[in-house]
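Asks: Listed in order, the protein sequences are those of chains U and G.
Its first residue numbered 1, the first sequence is counted upward by one per residue in my numbering.
Its first residue numbered 1001, the second sequence is counted upward by one per residue in my numbering.
Bear in mind the hints are in silico, worked out from the structure with no lab data behind them.
You may find that some hints are simply not true.
[Said to hold, decoys possible] Below, simulated PhoX-like cross-link-like pairs (lysine-lysine); rule was C-alpha separation at most 20 Å, straight line: (1) Lys1089/G to Lys1006/G; (2) Lys1122/G to Lys1080/G; (3) Lys1115/G to Lys84/U; (4) Lys168/U to Lys156/U; (5) Lys84/U to Lys1089/G; (6) Lys1057/G to Lys1078/G.
Each chain, written out:
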Amino acid sequence: MNFFALFGFEEAFDIDLSRLSNTYKSLAQVTHPDKFSQASDSEKLMAVQKSAQVNDGYQVLKHPLSRAEHLLSIRGIQLSHETKTLQDPAFLMQQMEWREQLEDVEHAADQEAALETLDKELQQHSQAQYIELQSLLEVNSDESDIQAADQIRKLKFMEKLHHEIELKEDALFDE
Amino acid sequence: MAYSEKVIDHYENPRNVGGFDKNDPTIATGMVGAPACGDVMKLQLKVGDNGVIQDAKFKTYGCGSAIASSSLVTEWVKGKTLDEAVTIKNTDIAEELALPPVKIHCSILAEDAIKAAVDDYKAKHTDN
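Extracted from the complex, chain U is given alone in its bound form:
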C-alpha cells in the first residue's frame, strides 16, 4: 500500500501537514462504515478495509519517522521487523550517557528543570538529524537511501529516549 498515493501526495518526505489532515478528514468521511449500513456485505467489507487503510495511512504519514520509513519501503528498503543490531560505539555511548542522565534526574534538586534541560538537548540533536534525513531522502539514490535508513535507525533511539522523558514528566506531575 502506497499511502502517499492514497492521500494524493507526491512521494516525498516533506509534506503539507494541514493538507494531510484535511484529506484525512474527507477520506475518513467517505469511507466511514456507517455510510454503508444499507450496502451489500461485500461493499461493507470493502468500506471497512478502506477505512482501516485511511486510518493507518494517516498515522504513518503524520509522524516524520514513520513517514520516512514508509518512503524508504516504497523505494525497496524495509526497516520494520528488522533484527539487525546497530554498532556505532560513539553514537551508542552518547545514548548510554543520556539514559544515565535521565536516571540521575531523580537526584536533581529541581527535577522538572533537569528534565527540561535534557529534553532540549535531545530535541536539538534530533532536529539536526531530521534535517540530514530530509536532505538524504531528497537525493533519492541507492547510496543516500542506505544512509537515510541508518539515520532513521538512530532517530528511533532518540524517539525512545524522548518517550522515556515524557513518562518521567508524567510521573512527576502525578506526585
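Based on these hints, arrange chain G on the given structure of chain U.
Replies: Frame of chain U, contents of chain G only:
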C-alpha cells in the same frame, strides 16, 4: 505478555550490573543497540593474560528480556576463552530464558554484544 520465571529472576536480581574502565587494556567493551525498540546494551569483559574471561559486567537500558539476556550472558562468559565466548548463540539465550518470538531480538542483542566486545579486545591488541 507474560515473562518466564527465569527472565523475572534475572530482571529482579540482575547479575554483574556495572562497568569497568574501558581504557584499561585488559577490558573489552561491546556496545550494541536494537533500532526496533531503542534498547541499548553495554557488555564489558575482563580478560586475563591467558585469554580467559575473568569477569563480566553489563549495563542495559531496555525491556525485561533485554536485561535478562545480558545478565545471563555475563554469567555464561565467565571462565570461557574469547573464542569460546563468541560461540554463544542467540538461540541458546532465547531457549534458556524461554523468550517469546517477539523478544528474540533481545537475545540477538546479547549475542552481538559479546561479538562486539571480542572485536574491541582484538582491535586493542593487534598493534603489538
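Asks: Take the hints in turn and mark each one as holding or not.
Replies: Hint check:
A C-alpha spacing of about 18 Å is found between Lys1089/G and Lys1006/G, which places the hinted pair at or below 20 Å, so the restraint holds. Note on Lys1122/G and Lys1080/G: the hinted pairing holds, with a Cα-Cα distance of about 16 Å set against a maximum of 20 Å. A distance of roughly 13 Å separates the Cα atoms of Lys1115/G and Lys84/U; the hinted pair therefore holds under the 20 Å criterion. Distance restraint check for Lys168/U and Lys156/U: the Cα-Cα separation of roughly 19 Å lies within the 20 Å cut-off, and the hinted pair is therefore satisfied.
Using a Cα cut-off of 20 Å, the hinted pair Lys84/U and Lys1089/G holds, with the two alpha carbons roughly 15 Å apart. Distance restraint check for Lys1057/G and Lys1078/G: the Cα-Cα separation of roughly 10 Å lies within the 20 Å cut-off, and the hinted pair is therefore satisfied.
Every hint from the earlier list agrees with this structure, and none is contradicted.
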